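**Student:** Sequence:
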Amino acid sequence: MSEWFDVGPVGLVAEGEVVAVAAGGKPVALFMQNGDHFALHDLCTHGQARLSDGFVEDGCIECPLHQGLFCIASGEPRSAPVTEAVRAYPVRVSGDRILVEV
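Position 64 (the sequence shown) corresponds to 64 in UniProt numbering; numbering is contiguous.
These aren't lab readings, by the way, just hints derived from the structure by calculation.
Only a predicted model underlies this, so the values are computations on that prediction, with no experimental measurement involved.
Ideal placement from N, C-alpha and C gives every residue a C-beta, glycine not left out.
Treat the hints with care, as some may be off.
[Unchecked claim] Taking CB as the label site, the calculated pair distances span:
#1 R97 with P27: 15 to 21 Å
#2 P27 with E76: 18 to 24 Å
#3 L65 with G95: 25 to 31 Å
#4 S94 with A73: 17 to 23 Å
#5 G35 with E76: 29 to 35 Å
Construct the complete structure from the given sequences, taking the supplied hints into account.
**Tutor:** Here it is, written out as structure tokens:
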């Protein structure tokens with residue numbers, strides 16, 4: 001069963017950036033793109049690197065280990081060597097807090 005977790009205040013992550021947070025003990029990479037928040041499991045499915053250590057560009061996060069790209073909205077792979085999606089988590093804003101469902 002999933003549950004919503006408070007991961008921090010609105011403003012924690014800047015537009016086009018990524019920050020590492022935890023939700024229910026799980027590592028989460030939190031993004032903001034075009035004013036919307038997104039969350040992915042914070043481990044690359046290819047090399048087990050932390051996605052939050054990567055670079056955000058054109059709606060994707062680049063894995064710092066082998067430069068594979070994942071869509072920050074869906075977790076779907078966008079370039080080799082990545083072939084398996086990373087889990088995307090629902091995000092909502094409640095008042096001035098960011099909540100992630102895991």
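**Student:** Taking the hints in turn, state whether each one holds.
**Tutor:** Evaluated hints:
no. : hint                     : verdict
1   : R97 with P27: 15 to 21 Å : 19 Å, holds
2   : P27 with E76: 18 to 24 Å : 19 Å, holds
3   : L65 with G95: 25 to 31 Å : 37 Å, violated
4   : S94 with A73: 17 to 23 Å : 20 Å, holds
5   : G35 with E76: 29 to 35 Å : 21 Å, violated
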